[in-house]
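K.L.:
These protein sequences, in sequence, are chains A and B. Everything in the first sequence is counted per UniProt numbering, starting at 1 for the first residue and increasing by one. Everything in the second sequence is counted per UniProt numbering, starting at 1 for the first residue and increasing by one.
Warning: the hint list may mix true and false statements.
Unchecked claim - Computed spacing ranges between beta-carbons, pair by pair:
{"#": "1", "chain 1": "B", "residue 1": "I24", "chain 2": "A", "residue 2": "Q159", "range": "36 to 44 angstroms"}
{"#": "2", "chain 1": "A", "residue 1": "T7", "chain 2": "B", "residue 2": "R7", "range": "32 to 40 angstroms"}
{"#": "3", "chain 1": "A", "residue 1": "F154", "chain 2": "B", "residue 2": "H71", "range": "49 to 57 angstroms"}
{"#": "4", "chain 1": "B", "residue 1": "F78", "chain 2": "A", "residue 2": "P62", "range": "31 to 39 angstroms"}
{"#": "5", "chain 1": "A", "residue 1": "A51", "chain 2": "B", "residue 2": "A85", "range": "26 to 34 angstroms"}
To be verified - With a straight-line Cα cutoff of 30 angstroms, these simulated BS3-like cross-link-like pairs (lysine-lysine) come out:
{"#": "6", "chain 1": "B", "residue 1": "K6", "chain 2": "A", "residue 2": "K172"}
{"#": "7", "chain 1": "A", "residue 1": "K92", "chain 2": "A", "residue 2": "K162"}
{"#": "8", "chain 1": "A", "residue 1": "K92", "chain 2": "A", "residue 2": "K6"}
{"#": "9", "chain 1": "A", "residue 1": "K92", "chain 2": "A", "residue 2": "K172"}
{"#": "10", "chain 1": "B", "residue 1": "K6", "chain 2": "A", "residue 2": "K6"}
{"#": "11", "chain 1": "A", "residue 1": "K162", "chain 2": "A", "residue 2": "K172"}
{"#": "12", "chain 1": "A", "residue 1": "K92", "chain 2": "B", "residue 2": "K6"}
{"#": "13", "chain 1": "A", "residue 1": "K162", "chain 2": "A", "residue 2": "K6"}
{"#": "14", "chain 1": "A", "residue 1": "K172", "chain 2": "A", "residue 2": "K6"}
{"#": "15", "chain 1": "A", "residue 1": "K162", "chain 2": "B", "residue 2": "K6"}
In short, the hints are calculated from the structure, not lab data. A quick note: this is a predicted structure, and the numbers were derived from the prediction, not measured. Glycine is no exception: its CB is placed at the ideal position from the N, C-alpha and C atoms.
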Amino acid sequence: MSEEVKTTGPLEYRTNEGQMTILGFWIFLGAEVVLFSTLFATYAVLFGRTADAPTPAELFEPGTVLIMTFLLLTSSFTCGLAVHEMRRGSVKGLTRWMLVTLVLGLGFLGFEIYEFIHYAHEGATIQSSAYWSGFFILAGTHGLHVTLGIGWAFALLHQISKRGITNVTSRKFFIISLYWHFLDVIWIFIFTSVYLIGMVL
Amino acid sequence: MANSKKRIPTNHIVGFLLSLVMTIVAAWAALQSDLPVMWIIIGIMALAVLQAGVQLFMFMHVTESASGNGHVPWNMMFHGFALAAIVVAGSLFTMSFGFSHDHGDNGGNEQHHEQHQEESGY
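So here's chain B without its partners, still in its complex pose (with noise of 0.2 angstroms):
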């Protein structure tokens, strides 16, 4: 590993950095913003993958050729996301797609929470 002698870890500062960016940018969005709600669904769940992308890589060393593991680390990371996006999206398709539900006393805007709910699709 070549830079194991470096006294600043260069890669973890900017890791960090952008993880504090993207975490504040998130936050605006969502509190502060008067974007529409989709767009803030979608945007922030698109910062959340990047950030956790910056974990993986800049944190976790998931593609070091020093540990002789080749593929293997990112390939568990990505396999294990796609199901993970599989089981979400699915289960969401199978049991709300479509599927409002009304109980009187709490309805009202509770349709409207479905609705964005699917459409998110994450």
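Just chain A, with the same shape it has in the complex (with noise of 0.2 angstroms):
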């Protein structure tokens, strides 16, 4: 292939290929939003049928609410500049700050499993009524891409440690870290359209 390959710009950016795979990313999060805005409508049209189960204001409490959220928000955040080390050719850099967005995705993902049991102690499983369906399937379709994303990172970190920074290497990392801040984004909205509306209502 006589493929042209720029000398300036982010090392990710710089073949065509790696280019391409970038703005298919994009394309495929579009397509995410889309698959989302269905469990959010599916969620939003059960609000209120809650059946004999009980009601998210009686179960929902503020503070691991919050805590997720935060520990979520600094994760996007210690993602974004462990790609700014990235850029500035830091492999240590990278990986440190990839390690401490990963810790603390673990202890959302940690929150969210203790809150899931704690519903179901309390009697409301996916199967307790159409509202509590919504909601884990909602909740949970977001906690399986938070795994999915851990999982994914730590192998790209692995790989990382072995051929260090390239043209390669730094388009799977961007790549990741699009979809850490997209996982964060739908976060924002379940966090608002879900806990906080659920606990006003």
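Take the two lone chains, each set in its own frame, and fit them into one complex as the hints suggest.
P.N.:
Written out as structure tokens, the structure is:
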């Protein structure tokens, strides 16, 4: 292939393939927004249909939800710092910030698992009512994305530790950073429209 | 990319602080304030959209010119969110608008909930 390789700018954009792969990932994220919109719509339509199960206002705990939100928000910030370090060419900086990101991500997951178990004990499971089905599918799909992202990032950190920052690994890392920030975007909407509104109404 | 050699990522720090402030304001409005429910819902949804904007523009480099991808990334996001708004608002309109459900034992303020849901139109 007579591919032209640029000599300036961030590594991940220097080859045509890298640039187009990142473009493709933006298209994927657009599709993810629509995927989540169907879950948000289902949740919103089923709001209040709690049958005999507890209502969200009875179960949601502001403390836990705020901790989860700050964990994910901070992890999104440190993930941005990891990309910043990558563009300065520092494998060490990238690895350090990404490990912080993943620890925060794992903390988020831990709280979410605790939360789901707590709700189940209180009598709200995915089978309890239409409302709780909608809730667990929406929050659970987001949690699944976080879990996948953590596994993906660990694998990629391993590869970067072997190969360093190249046109290919930087493209891969930039893409997972987009994915991670995107998870925070979705969480902002879950935090607001599920938890905050669930506690207001 | 001009700032790739910069040591301090100003953009990220500003974005992070903005997100923290918006999260705290939203939580305060929902949990502590005595504002009317309608105002709270509109306000916190607006804050959520702003925060999503911070992520996209300050963290995800959605309009980065070095990418060579032009307007495509933010176009994908904009249209994704436009579709999301249509799907959510349309579902609420067809499925919940003007419909109250009252299953006796749990009734009472349930109809109230529906009212707010519809008016929020998110």
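K.L.:
Could you run down the list of hints and mark each one as holding or not?
P.N.:
Comparing the hints with the structure gives:
no.	hint	in the structure
1	I24/B / Q159/A: 36 to 44 angstroms	holds, 38 angstroms
2	T7/A / R7/B: 32 to 40 angstroms	violated, 23 angstroms
3	F154/A / H71/B: 49 to 57 angstroms	violated, 34 angstroms
4	F78/B / P62/A: 31 to 39 angstroms	holds, 32 angstroms
5	A51/A / A85/B: 26 to 34 angstroms	holds, 29 angstroms
6	K6/B / K172/A	holds, 22 angstroms
7	K92/A / K162/A	holds, 12 angstroms
8	K92/A / K6/A	holds, 25 angstroms
9	K92/A / K172/A	holds, 17 angstroms
10	K6/B / K6/A	holds, 21 angstroms
11	K162/A / K172/A	holds, 14 angstroms
12	K92/A / K6/B	holds, 16 angstroms
13	K162/A / K6/A	holds, 24 angstroms
14	K172/A / K6/A	holds, 18 angstroms
15	K162/A / K6/B	holds, 26 angstroms
Of the numbered hints stated above, those contradicted by the structure are hints 2, 3, listed in ascending order.
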